[in-house]
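Colleague: Generate the whole structure from the sequences, applying the supplied hints.
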Amino acid sequence: MQLLIKNGIIYDPMNNVKGEKMDIAIKDGKIVPDTEVDPKKAEVIDASNKLVMAGGVDLHSHIAGPKVNAGRVMRPEDHYRVFMKVVLGARRSGTGKTTPSTNIIGYKYARMGWTTVVEPATPPMETRHTHEELDDIPILDKACFPLFDSNLFVLDYIESKEYEKLAAFIAWIMDAVKGWAIKIVDPGVAEAWAWGKGYGLNLDDLIMGRTITPREIVRGLCKANEMLKLPHPIHVHCNRLGFPGNYEVTIKTMDAVSDLYTGQERPIIHITHVQFTGYAGTGWANLDTGADEIADYVNAHKHVSLDLGQVVFGDATTMTADAPFEFALYHMAPGKWAGSEVECEAAAGIVPYRYKKSNYVNAIQWCIGLEVALLVKDPWRVFPTTDHPNAGPFTRYPEMLSWLMSKKAREAVLSKINRRAAKKAILPTIEREYDFYEIAIATRAAQAKILGFKNKGHLGVGADADVSIYDLNPLDVDPSKEPEKVVKALKRAYCTIKGGEVVVKEGEVVKHLYGSTFYVKPRVEEDLFKTMLSEVEPKFKAWYSMSLSNYVIADHELRSAVPIPIGS
Amino acid sequence: MAEKKKKKEEAEVKIEYKEVKLRPKVAFTVPIEAECIKPDTFAGKSLDDIAKLPVYEGNTRRTLGDLFEIEGSPGSAALDTMITIEGDLSKVKRIGEGMTAGKIVIKGDVGHYLGFKMKGGSIEVHGNVGLWLGGKMKGGEIVVFGNAGDCVGGALRGELPGKGMKKGTIIIHGNAGAEVGKGMSGGSIIVDGNVGPLPGVDMRGGNIGIKGDCEGKPGARMAGGRVVIVGKVPSVLPSFYIDDVRETIKTGPEKLAGPFYVFIGDVLADIKCGGRLFVSIPSNPHLKPLETFLTSVADEEV
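So the protein sequences, as listed, match chains A and B. Residue numbering for the first sequence is 1 to 568, as defined by my numbering. Residue numbering for the second sequence is 1 to 302, as defined by my numbering.
Honestly, the hints are just simulated from the structure, not real lab data. Don't be surprised by glycine CBs; every beta carbon is placed ideally from N, CA and C.
Computed spacing ranges between beta-carbons, pair by pair:
#1 Ser-340(A) / Pro-289(B): 39 to 49 Å
#2 Pro-253(B) / Asn-359(A): 35 to 45 Å
#3 Lys-14(B) / Pro-428(A): 56 to 66 Å
#4 Ser-340(A) / Leu-47(B): 52 to 62 Å
#5 Lys-21(B) / Asn-359(A): 45 to 55 Å
Modeller: Next comes the structure, spelled out in structure tokens:
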């Protein structure tokens with residue numbers, strides 16, 4: 001299979017290509033030098049006057065797992081109106097807006113030009129389910145982050161300060177459940193929630209039933225992560241998420257690991273959906289933005305990266321492994337609530353929510369996300385996401401990107417939101433606008449780089465042939481003046497290529513195929529590994545309801561598992 | 001007010017309906033989605049155009065003419081168009097969905113979602129009806145001379161309380177199924193016969209009058225509106241307070257004779273107890289012990 005993309009206007013930040021007219025040659029699912037492809041045999045795609053970028057990468061989108069499925073079950077009303085019909089030979093059917101079914105997750109991402117998506121929270125014990133669902137999502141390449149924040153063994157090792165054994169345990173879990181990075185959700189809260197406590201736990205509060213604080217969990221897991229040299233830094237959802245005044249906790253969390261940074265290229269802590277943890281003020285009535293303080297800290301320190309969790313107005317389904325917060329949210333937004341606990345590992349909750357323009361708090365939330373994105377100067381360390389489906393469905397990415405690219409688009413929304421919030425926000429004073437190069441960094445190159453996907457996010461020779469082509473001439477169209485054109489083009493890609501195959505043509509899915517699931521295989525010393533396992537086994541027998549041999553997921557259980565060996 | 005009513009009645013009488021007759025060509029075996037059968041789409045069209053309207057039979061796209069014999073001529077507007085359907089339509093769903101004016105008369109049984117989201121006009125059924133009769137209705141009138149299924153005037157599954165029927169009238173001369181008026185926030189439903197469990201569940205407004213018996217749990221999670229039960233009730237939920245005794249109560253278009261116990265609730269849905277549940281005293285002698293709570297409260301007030 002050979003493909004030739006001709007005369008596209010290419011943005012490829014990793015290879016310093018900034019809006020140049022070039023050809024891209026694809027052979028056997030990889031990008032190759034032009035000379036290797038025979039123009040007579042190859043399928044030629046005419047991309048003249050069209051924007052060409054690498055396939056999009058999303059590092060934080062809840063697309064699979066037990067809680068996503070529970071969200072689907074508890075929201076039938078989300079599935080009545082939004083559906084995709086079957087097209088024989090091309091695609092299958094599906095329903096759902098904020099909690100879509102697996103097939104249309106893949107199709108809708110591909111339609112926008114995204115080809116790699118990561119599920120950011122899965123309790124290790126239920127990761128088999130997560131992989132079953134990931135396997136069922138077409139087109140995309142996937143990975144998942146297991147939860148470690150309240151794991152029985154992790155807490156035990158941190159309590160006894162045995163960080164090497166902790167690293168060995170993490171290495172074992174990553175291999176056993178096929179995970180990619182360490183996810184920390186509100187450290188220690190799930191442990192305290194098991195005692196009925198943990199609501200609003202702060203970074204230096206003692207965790208009920210333990211002698212440690214969330215700060216020690218973050219530091220311990222960060223140390224272990226750096227010992228193992230995992231490709232992605234620790235992925236942290238901060239304490240006190242969703243509480244007014246929590247931006248201080250966020251800054252403290254970032255600062256808690258600053259001394260562990262030794263000047264390496266990639267950050268050592270990733271703060272996720274920072275919008276939810278960037279509130280100043282003392283209550284909901286005087287909620288204010290903490291975006292400027294967070295942005296100042298990130299600009300001054302190189303060890304941090306952020307993603308937004310940008311609110312887009314409309315329906316959302318909040319689902320997170322932060323059970324006490326979801327319980328609190330249920331009382332703020334009455335309706336339905338689901339909560340669950342995974343033995344020895346995590347606790348989660350789900351609450352449907354609707355973000356309203358007229359609501360003061362929601363309007364401030366909308367501002368905070370954009371303020372952080374615009375005030376942080378380095379686009380390589382701040383990624384636009386909507387934390388799908390917590391702050392809005394991923395299908396709204398084009399609008400979100402247009403807000404970053406155009407002050408005019410932001411002002412159009414600012415004029416409609418709650419007046420008091422619009423007056424209080426910093427957003428109206430910010431002049432910065434992203435250009436196409438920065439968008440290519442933030443949505444492709446930087447996210448692939450921080451995830452450690454070496455073959456993703458760029459169009460250099462040897463990269464995976466994931467390409468998105470948009471019907472938009474970036475040299476002609478001024479995104480700041482014509483945001484609606486950008487939205488229109490990004491919503492439906494002219495062409496999306498995944499692994500060298502054309503999957504989307506002129507905005508419609510034309511091919512149903514499956515991507516791979518990546519996982520890390522860190523290597524640790526054999527003796528250490530054996531000691532760790534001999535300690536884990538009896539505890540596992542005593543505390544878990546399943547046996548250790550059933551806990552481990554084998555390679556053959558995944559449709560296409562790609563192990564990435566780490567370290568030596 | 002009286003003058004206005006007279007004028008309205010006169011206006012109704014004056015309409016001379018132009019009739020379109022439909023008759024099924026075969027006995028249907030798979031569900032049919034026929035949201036196009038309503039005066040709004042028929043009005044001003046020739047019979048050929050009507051025959052070309054799209055209908056789904058199972059997963060197959062067909063035209064109305066494939067499935068029905070069509071006669072007569074429609075009016076120029078929805079207002080003076082009447083659609084008469086004869087035959088067994090128990091597999092046909094969504095007839096009259098979103099209709100705004102005109103009339104539909106069905107002589108036979110009919111399937112689910114009849115008059116779903118309808119905004120005006122009237123529907124008359126001489127037979128039994130499936131589920132979600134007049135679901136999420138916003139206006140108009142439905143009269144059924146047979147029995148109706150579950151969720152009459154109801155919100156869809158999973159929707160928030162108050163997203164059901166908003167306005168309009170549904171009169172059922174037979175029995176109705178479970179969850180009559182689920183999530184309704186306005187309008188009125190009158191059932192001459194018996195109903196299943198949970199009438200008025202998640203209710204936020206409007207009236208439900210039940211002249212027969214109720215299987216139980218009336219008004220669960222209601223926070224507004226009235227449920228009136230003239231027949232028997234096995235018990236009243238413990239989350240209701242007994243408040244008063246009333247002789248008669250007006251329920252939508254009708255006045256129902258009691259006397260009734262008046263309950264307020266449901267305290268689990270709203271601490272303000274905006275819902276009113278009226279249960280007949282003569283039909284429910286087993287609720288007599290509750291009267292002690294009535295007198296004790298009255299004493300305290302004195």
